[in-house]
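Undergrad: With the hints as constraints, model all of the structure from the sequences given.
Each residue of the sequence shown is one higher than the one before, starting from 1 at the first, in my numbering.
Check each hint, because a few of them may be wrong.
[Stated by the list, open to error] In the PhoX-like style, the derived pairs of lysine-lysine whose C-alpha atoms are separated by at most 25 Å in a straight line are: (1) Lys63 x Lys91; (2) Lys63 x Lys97; (3) Lys76 x Lys88; (4) Lys97 x Lys326; (5) Lys87 x Lys63; (6) Lys456 x Lys443; (7) Lys326 x Lys337; (8) Lys79 x Lys69; (9) Lys489 x Lys456; (10) Lys346 x Lys326; (11) Lys69 x Lys24; (12) Lys76 x Lys287; (13) Lys117 x Lys91.
The hints are simulated quantities; they were obtained by calculation from the structure and are not laboratory data.
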Amino acid sequence: MLFTSYGFILFLCVVIGLYYIIPKRFQWQLLLISSFVFYYFSGWSNLIYILVTIVSTYFIGMKLGNLNKQQNLYLKENKETLSREEKKAYKERIKAKRWRWLLFCLFFNLGILAVIKYTNFAIANINNIFTLFKMNELSFVNLIQPMGISFYTFKTMGYIIDVYRVKYEPERNIGKLALFVSFFPQLIQGPISRFDDLSLSLFKEHDFNAKSFSFGFQRVLWGYFKKLVIADRIVVAVLEITRNPETYDGIFVLVGMVFYAIQLYADFTGGIDITIGIAQMLGIEVKENFNRPYFSKSIVEYWRRWHITMGTWFRDYIFYPLSVCKPMLNISKSSRKRFGEQIGKKVPVYLSTMTVWFTTGLWHGASWNFVVWGLLNGFVILVSQEFEPLYAKFHQRFNVRDTFGFRLFQVIRTFLLMSSLRILDCYRDVGISFRMFGSMFTKFNINEMLTGSLLKLGLDISDYIVLLIGVIVLISISLIQRSGSVREKISGKPAIIRYTVYVLLLFSIVIFGAYGIGFDSNQFIYNQF
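TA: Structural data, given as structure tokens:
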């Protein structure tokens, strides 16, 4: 059931209507039932996977919590009789048990994700080796990937690690844990919420709040505007360029690269706007996932602003633990002896960073283009950090850091750099991607843009006008957001202005949304993860 389908809109209206009619103590149960109904429409067999993840996470979480309570109770009851060594030995035994249960949960659920998502990727690479030795190739397996499996797996693994770290007590109501995992607005593309953040409002009883409902509805409309007016329109040109690399090279690669950056941003942030807006209409707070990333002045800043919840997940659950684990500390120690203090202390950071970005690439897709994309991001981040002393000297000599011109240069540079890396996403083939990137320099001919070539990409002049206006509106809203909430600003205006804005937004979606002949209301890009 796509967010852009009439069926989903009808489903949402029914859920919201019932949500505020039924007794408030049953609100979270209604959301749980609604979430499973929503997921059922993606395929009943998919329910099995998410239920297995929920049940295994619940019981192992309870086991971890009970072991922790057992330890505290035992030490309290035997406080006077146990020696320090005996207390330490007992703690070590409990810690070992808790560690084994954590590993089992991680390997079990991440194993499900790995088998479903990466089996055919592994088979394809094994077959490449078999081909070299003229051996019989393995057959691919037909595995259906459940909708949003990467998102809900990461949510549950974050939860179980937090319980292991005793950040909070395990949830004792399996229904509430199931709702956290399956909450339908964020099931298919995030944000990747933490249990202690989302549970504060998810299980709370909510009265109808006109302002919250209105703000949420406005956010939903804004998301549909991005998705239907911008993303689903510009994707026509993006696909025409990227599916025909032999026809469209040189300057067309640059055009496709920029168009894809616009499409991806409008598509992904549009979906997140719909998610957060629906949650707000229900009185539930979901963390923001974007902070105007295309205004970033460096790649490090960009990744602090883009897909924020994914970035913090990798930081907290992979980067930090990996960089301070015993094997990494041993590598750091030996590196300091061999290469000196300065380089040795950086080795754990380098290895952890590249591991995180290798994993990030694989998370985005089971193909080498995503792996290379991830590794290139990690490489560029490390290089930029190494150049920081040089940047500092430059800014010391030339006082341009705070000038508008230099900040604009940094923003454009970062945008083009990130868009260039995404060529690997556009073409989905490493060799073709690098060839197309090179053609931007070897076959660049701006005159091709003066012959009406843009009109051969599946869009006509009226489409480009709508896109231009849509992008201008998008940029303008982002600029206004720097000084505060746009919805708060609009709410302070006279009623005639407020409702004019709302009606214009609604009608622009209805009239200029990309559906009908020549267009298709596509699923959101991140649905595939």
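Undergrad: A separate judgement is required for each hint: does it hold in the structure or not?
TA: For each hint, the structure was consulted:
1. For the hint linking Lys63 to Lys91, the alpha-carbon distance of about 16 Å falls within 25 Å, and the restraint holds.
2. Distance restraint check for Lys63 and Lys97: the Cα-Cα separation of roughly 10 Å lies within the 25 Å cut-off, and the hinted pair is therefore satisfied.
3. Restraint check: the Cα-Cα separation between Lys76 and Lys88 comes to about 14 Å, which is no more than 25 Å; the hinted pair holds.
4. For the hint pairing Lys97 with Lys326, the CA-to-CA distance comes to about 19 Å; that is within 25 Å, so the pair holds.
5. The suggested pairing of Lys87 with Lys63 holds, with an alpha-carbon distance near 21 Å, which does not exceed 25 Å.
6. Distance restraint check for Lys456 and Lys443: the Cα-Cα separation of roughly 19 Å lies within the 25 Å cut-off, and the hinted pair is therefore satisfied.
7. The suggested pairing of Lys326 with Lys337 holds, with an alpha-carbon distance near 17 Å, which does not exceed 25 Å.
8. Annotation: proposed proximity of Lys79 to Lys69 holds, straight-line Cα distance about 15 Å (limit 25 Å).
9. Of the supplied pair hints, the one linking Lys489 and Lys456 is violated, its CA atoms being roughly 41 Å apart against a limit of 25 Å.
10. At most 25 Å may separate the alpha-carbon atoms for a hinted pair to count; Lys346 and Lys326 meet this at roughly 16 Å.
11. With a C-alpha separation of about 33 Å, the suggested pair Lys69 and Lys24 falls outside the 25 Å cut-off, and the hint is violated.
12. Distance hint between Lys76 and Lys287 is unfulfilled; the C-alpha atoms sit about 39 Å from each other, more than 25 Å.
13. For the hint linking Lys117 to Lys91, the alpha-carbon distance of about 38 Å lies beyond 25 Å, and the restraint is violated.
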